[in-house]
Structure formats: C-alpha cells, structure tokens
Amino acid sequence: MKEVAVIGAGMTKFGELWGKSIKDIFVEAALKAINDAGVDHIDSMYVGSMSGGLFVGQEHLGAVMADYLGVTPIPSTRVESACASGGVSFRQAYLEVASGQSEIVLAGGVEKMTDGADVTDVLATAADQDYEVYQGITFPGLYAMIANAHMHQYKTKREQLAAVSVKNHRNGAKNPNAQFRSEISIDNVLNSTLVADPLRLLDCSPVSDGGAAVILCSMDIAKKFTDSPVRVRASAQASDTIALHSRRSLTTLDAVVRAAEKAYKQTGLKPSDINFAEVHDCFSIAEIVVTEDLGFFDKGCGGSGVEEGLTSLETGKIPINTSGGLKSKGHPVGATGVAQIIELYEQLQGKAGARQVKNAHIGMAQNMGGSGASCVIHILEAI
Amino acid sequence: MVGIVGFGSYLPRYRVKVENISKEWGADPEAIKRGLLLYEKTVPGLDEDTITISVQAARYALQRSGINPQDIGAVYIGSESHPYAVKPSGTIVIDALGIGPHVHVASYEFACKAGTEAMYVAYGLVKADEVKYALAIGADTSQGAPGDALEYSASAGGSAFIIGKDKVAAEFLFTHSYTSDTPDFWRREGEFYPRHAGRFTGEPAYFRHVVNAGKSLLEKSGMKPEDFQYAVFHMPNGKFPQMAGKQLGFTKEQIETGWIVPWMGNTYSGSSPTGLSAVLDVAKPGDKIFMVSFGSGAGSDGFIFQVTDEILNVQDKAPKVRDMLDNDKMYLDYGQYAKFRRKIILNE
Amino acid sequence: MISPGYFREIPQRYRLEAGRCKKCGKVYFPPRSHCSECHSNEFETVKLSDLGKILTYTVIRVGPSNFSKETPYAVGIIEVNDGVRLTMQIADIDVNKVEIGQKVRIIFRKIQDEGKSGLHCYGYKAVVI
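Taken in order, these protein sequences are the chains called Y, F and G. Mapping to numbering that gives the first Met the number 0: the first sequence position 76 is 75, numbers consecutive. Mapping to numbering that gives the first Met the number 0: the second sequence position 61 is 60, numbers consecutive. Mapping to numbering that gives the first Met the number 0: the third sequence position 106 is 105, numbers consecutive.
Okay, chain Y solo, but in the shape it has when bound (with noise of 0.2 angstroms):
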C-alpha cells in the first residue's frame, strides 16, 4: 500500500443554502479542492451523500457530479453510509490511491436538506426502518434513548450535554464557513424546546445544506502541489447492528470501539497521542460518548470531560471539534465526514486561524452513522 496524502481542500458555507442545488454545492466544493491543490486533472472521484433521492429526487450522483464538474469520463461513485457517507467517501478514495490504482482522487461529499422534504422522515431511513422507525421512533430519539441510558448508569448530568454545544458554539463561532457563529450558554441549552427528552433543541445539530471536497494523491507526488501535505497515518472502518435495541450495549459504540483500535493498531498510537478530533456531535451525547469510546476518557467520564474543560480549544489537552462539529458548522449529511478532514487538514498546516490547536501533529476524525451502526476514523498527521 502506498503511504497517501491530503493536498487541496475545498468547502462550502454550510447553512440554508436557498439559492443553490445540490449540483452547484458540489460544484463549489470541488472547484475550491482542485484550485487549493493546484492538481491540472483528477482521476477518479467519490460522491458521499445520505440521500440524494430523498432529499431532492436525484441518486446516480456519481455521474451527475462527474458531469456537473466537467470531469467525465473519470470514474465517479457515489458512497452511502447515513450521515458517514463523506468518512467512508475520504476512505475509498484513500484506498484507490493507496492500492495505486490512481494517482489524484478527489473525495466529496454533500447534501441539500432544504427543498422541502421531510427531513424527519428521511433521516430515519438511517435506523431500522421495520422496527424502530415503524415504531415511532426518530433519530433525535434513538440518542436520547442513549442519553437517557447514559446518564442513568454513569450519571452523566444534563449540564455536561449542554457543555457540549456551549464549547461547540464558542468554537463555531470563530468558523467562517459556520452554520452558527453564535456563542450560547449552558442556559439557553437547557431552555429550548424539548426534541425527545432529555433531549432539547440546542443539543441536536441542525439540518444545512453544504459541501466539501479534498484531494488525495500518493505522498511520493504530494510535494509537487503543496508544501504543506498532510499524511493519512490510519483509515479504519466498522460495522454494528443496525438497531440500537441489537447493540450489545446501549451507552458504548462497538463499531466507535472496533474502528478506533483499528486506526490505533495501523499506527502504532494510543489515545494519548492524539492531539485533537473532529467527532460526530449529531447530538451532544454522541461527542460525550464517542469520547469515551475513542479511549480519551475512561467509560462513563466523558460527561465530566467535557464539564471540566478537558475538551476545549483554549485549555483542553485533547480539543475537541475545533471546527464548530456539527452542532454549530453545520450537518449536510454527506459533507460532514469530509469537512471533519478538511478542518483536521487546516489546523495540521498551521492555518486554522483563531482556530488553530497549538502544536496540532495528529488529530483523528470520527464519522458515523445512524445511531452508530457504522462508523469511519482517519488519523491524519503533518509532516
């Protein structure tokens, strides 16, 4: 396998995006890629997206994108793991150029979630649609059901959920590209509408429209388009049971566990060694659990992590979604895998602005889906 580099990124502001298809989205993501990498063609490309036929009655993205891009005849896939289509997007263009089957490779993803589907009733596609969403459930629902589970064998406090979009939001705000560049307060979390209880508003990511895009090629050629490329050390993906009720746990994401020792045992790491992460806050309680489950704080301590500040951008020893994270960037779907890449690219080159972790060298993304029935972890490291 050839060792594989990030050498152009590119992404959209995330947000209502009324004024633009999810073809011109995509668009401008890519464009802003091939531009920042300076690369003259591309050989492939992948399109991570949730739901394009759901969401504005297109699928067969792949080509759509490809010809939209005026890329054609590449090869163009269209990738789909729930809201961990753009991780799994990043992977599979990390294995083309790893496997040395193509030399330049652009990974994107996107989603249009504002021309009046349902967004409720798509994104429960996601889950077991036989027997949970048939049930009633929802997805804000299946993490409160976690929450409610997690806070009951480890009391973890409402607070600490809220500390999470608080920390979110300060972070955001600092984002150009943010969904939300509003700070908040623990106060205002815990007085929005309730969503699934415990659950309220300010704990759930919003719905957006976005895209973002990268540029993968083998390290050997990295340096003739960038001085600054960022190596891919690990790219680890796992599976779980596609109903919460199957898991064998109900506050612990095996597949959030497997793929983590995956990515740790392909580089020879420990959690400890890992200077910041873009996690997938869909909802507070998932960054709270997946912190845990990455082994960057024991089980049932990610509420007090967060609490004490041990996740901050200011004063944290692991920072955590420096970018906004989906609460406040934003989640389009398909995007957010490949936008966590793009913010741990960022902050690896020294150019994350009043964002930047001082000494970031290694930083891990984490991209799930559904209630974490799949789940994708990069390591990513300046060299």
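Do not rely on the hints blindly, as some may be mistaken.
What the hints assert, rightly or not - Computed list of lysine-lysine pairs in BS3-like fashion (alpha-carbon distance at most 30 angstroms, straight line): (1) F:K86 - G:K68; (2) F:K251 - F:K287; (3) Y:K261 - G:K25; (4) F:K86 - G:K25; (5) G:K52 - F:K342; (6) Y:K357 - Y:K264; (7) F:K328 - G:K96; (8) F:K86 - G:K109; (9) G:K96 - F:K338; (10) G:K52 - Y:K298; (11) G:K46 - F:K86; (12) G:K115 - F:K338; (13) F:K126 - F:K251; (14) G:K46 - F:K316; (15) G:K68 - G:K96; (16) Y:K350 - Y:K222; (17) F:K328 - F:K251; (18) Y:K156 - G:K115; (19) F:K328 - F:K126; (20) F:K166 - F:K316; (21) Y:K12 - Y:K22; (22) F:K16 - G:K96; (23) G:K109 - F:K16; (24) F:K16 - F:K328; (25) F:K342 - G:K115; (26) Y:K154 - G:K109; (27) F:K166 - G:K46; (28) F:K32 - F:K319.
Just so you know, these hints were derived from the structure itself, not from any lab.
Starting from the structure of chain Y, add chains F and G where the hints point.
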C-alpha cells in the same frame, strides 16, 4: 348444550366526563346527568379501534376458556365502527390471536346490535355442529356529533364470547329476534357522524323492539320475570334500560349488575354484550340471565342464558368489567377528547 | 403501496414470533435466515414472552410525519423475559411518569395509518403494569 365457554371485555382507560362536554356547548351538566343517568364515558386512545379492542377482549375470552385458538372455526365481529369499510375486522383479529387460517370470518353491522348478531350466528353454527367453537365479538369506537345529545354517550369498548358445546359456563336456552324498517338512527356511506330522529328513537324504535322481543322471549320460554336473577338490556343511556326492564316486569335489582352505562357510556355493539359480561363476572351456577339488545334501523336480539357450575372455573381467569369501570382511569379534557376522537380538522 | 412488506411482518408485529437458531440457541427478533453467532442457517419459530421491562426510553415531542399529531409519546427499548430487546411505544401513560426499570406488558395496538386511504398498520406497544 350450546353456550358460552369463555368471555372477556375490554374498555379503554381514557374517560371524559359529562361536565367537560357540556361546558363546551353551554349545556347544563346536572340536567344532562339527570336526564341520561350517565356521568362519564370511555374514550379510545389514538392507537385504539374496534380491531384492537376486539383483540384484547378475545384474548381474555381465550384465557377464560383455556381452548386452543386453532380450534375456533368461525370469528364474527359486529360493530358500527369497523376500521375498514371493505376488509373485515376479523381478518386482522384472527392473525393477532393465532386463529386460522382454516376459519370462517365475517363482519356484522346493525347499529348497536351488531355484537349480539355475531353471537346469534355463532350460536347457530355451533348448534348445527358446523364448527367446534365460534368466537363472537361486539365492539365499537362510536362517534357522537359535536354538540349533539349523543356526544355525551357514544363511547368505546367491546366484549367477546367463545361459543361451544364443551365445558359450557352459560347455556343458551332460548333466542328471539324482532326486526323492522324503523329509521330512528343511521349513517350514510362516507358520512363521519350518524344522524338520528330525536325523540322518535324512543318509543317507536328502542321500546317497541326491545319490549316486543322481550315479550316473545318470555312467551317462547314459558318463563316469568321473577324466574331470572339478572336482566341486561341495550343501554343507549341510563334511563332506557330501566324503563324497558320495568315495562317487561323486571326489578331494579335484577338490572343493576348489567347496568354499566353510567360509567361506560354507550359502547354501541359492545353495550348489552358488556352488560352480559359484567353479569357473568359475578353470576352463580343456576342463575338465569335475560338479555335483549337493540340496534337502530331497527331490531332486537333476545337471549335467555342459564349459568352452569363451569362459571366458577372461568370467572376469575381474566379482568372483570366492574374493575375496568372503577379503576386505573385517565381523565381527558374536551380538547384532548376531541383530538383522540379525530374531531379536529387536520391539514391533510 | 406497502401491502407486501406489511404482510411479511405480520407474524412478528401481531404475534411476536421470533426465530431461534437450532444450533446455538440465539433468539432473533425479527427472525433471520443466517445466525451471526454460529453462522448456521437452521431456525425454529418461537414466540416471545409478552412481559418485560424498560431498559431506556425517550419522549418524542417532535414526531415523524406519520406521528406528528400524536406527540408527546413515549418510546422505549423493552427487554422481554427471554432477553430479547425490542423498540416500541409505551402507551396509556402520562409521558412524564415513564421510568427506566418499569415492568411492562406487550399489547396489540394500531401503530400508524398509511395516510387517509391506505392500510391501518397494527403492531405491539407496551403498557406499564
């Protein structure tokens, strides 16, 4: 001997009181309670309908009878609120209970007497040795038009009876039906609420059919009112069954146990069947039960039952009607009631 | 048109029919054709118990389109006595009174309607006992 080998009833837990309804329409609750002899009625949850009520009542009947559902050869459900206009409620009920597929299923309708109709047909089939056991259910989630008199009484609930020849707990001694074209209450296809002819529903409809069926039943059997321990009549409100009973020569004491409408409301096809179930919950071997139903349109089905020793083996094996009327109730205000009864116009 | 898919799930939704692996004994609900534990393909039908307890729950306040007029309602993961876990609504209860650990009985209720003219869809819910 053909008779009831198992019985069961189900009433939803939700209730709405006369006061909550009268408040909305500017009516005097005390006058209504005095006039109708009715205080509160059952309300089905958003997730309940004639089919779910039938399944629960039938589960209790199966529990009491102890028979294998596979031995049931016919399932008949009488209702005026079948969830489908075309697709018998029984098809879903049999699959829920593990009955069939070698079974005959049909839906019956005849306003409030569709339940006793199902009982009559089930009885006839078993008597003819056509099937070993037949399940007859009367259940409804009846609708009363907003602001109309019937809004105080139209309620939800149902009862199920397994009829057979083995281990009979209450034997059918006599039956008699009396029917005519008397247009006192009806509902046209596609209409959400029924229509009724006011006071015409009384003497020319309810009383003429109940009393005539009752008199013929007494004649046929050669029995007198004093011979009975219990009398059950269709209960559109608290007053009518008392008056009918009196006209036929029954006392208040005989009617009392089966007189459950003041706390249940009128469960239409479930009305007299649930009154019967309330009686069977406490009846003793040897007791004789007189029962006459009424369905608008109009007709009455009359039955005379005799309770056997078997009743003592089955009575306590499932929840009793009096318990359901008295305990674990959840009261609604008018807005919640209107929402549950789908009386609020949605933007669909 | 959901008829074929709905029809296939009837034994599970109406009668709680599960599948037990003949080789290793693991019970699956809904039944499967391949055992993920021992990789056998031989199963027998078993009925789940209708008694269980609440492992976790939530109260849905913003519902999916089909349930939007029923909020708030409680949904939980119920463990039945055989150890199998299912997701279902908790009915007939003040949503603020649901607690982890409560014992429940599983009953037959209507779950949803397929619009105004489609099928009535039935299944299981839990009531606290």
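So, going through the hints one by one against the coordinates:
1. F:K86 - G:K68: With a Cα-Cα distance of about 26 angstroms, the restraint between K86 of chain F and K68 of chain G holds, given a limit of 30 angstroms.
2. F:K251 - F:K287: Holds - the C-alpha atoms of K287 of chain F and K251 of chain F are around 16 angstroms apart, at most 30 angstroms.
3. Y:K261 - G:K25: holds (28 angstroms)
4. F:K86 - G:K25: At roughly 38 angstroms apart (the allowed maximum being 30 angstroms), K25 of chain G and K86 of chain F break the hint.
5. G:K52 - F:K342: Status violated; Cα separation ~35 angstroms.
6. Y:K357 - Y:K264: holds (26 angstroms)
7. F:K328 - G:K96: OK: K328 of chain F and K96 of chain G at ~15 angstroms, within 30 angstroms.
8. F:K86 - G:K109: holds (16 angstroms)
9. G:K96 - F:K338: holds (21 angstroms)
10. G:K52 - Y:K298: holds (25 angstroms)
11. G:K46 - F:K86: holds (27 angstroms)
12. G:K115 - F:K338: The hint holds at about 16 angstroms.
13. F:K126 - F:K251: Status violated; Cα separation ~33 angstroms.
14. G:K46 - F:K316: This hinted pair holds, its Cα atoms lying about 22 angstroms apart.
15. G:K68 - G:K96: holds (21 angstroms)
16. Y:K350 - Y:K222: holds (18 angstroms)
17. F:K328 - F:K251: Holds - the C-alpha atoms of K251 of chain F and K328 of chain F are around 27 angstroms apart, at most 30 angstroms.
18. Y:K156 - G:K115: Measuring from Cα to Cα gives roughly 43 angstroms; hence the hint is violated.
19. F:K328 - F:K126: violated (39 angstroms)
20. F:K166 - F:K316: Answer holds: K166 of chain F to K316 of chain F is near 15 angstroms, not above 30 angstroms.
21. Y:K12 - Y:K22: holds (15 angstroms)
22. F:K16 - G:K96: holds (23 angstroms)
23. G:K109 - F:K16: Roughly 25 angstroms separates the two Cα atoms, so the pair holds.
24. F:K16 - F:K328: holds (12 angstroms)
25. F:K342 - G:K115: holds (15 angstroms)
26. Y:K154 - G:K109: Judged against 30 angstroms, a Cα distance of about 36 angstroms means the pair is violated.
27. F:K166 - G:K46: Roughly 28 angstroms separates the two Cα atoms, so the pair holds.
28. F:K32 - F:K319: holds (25 angstroms)
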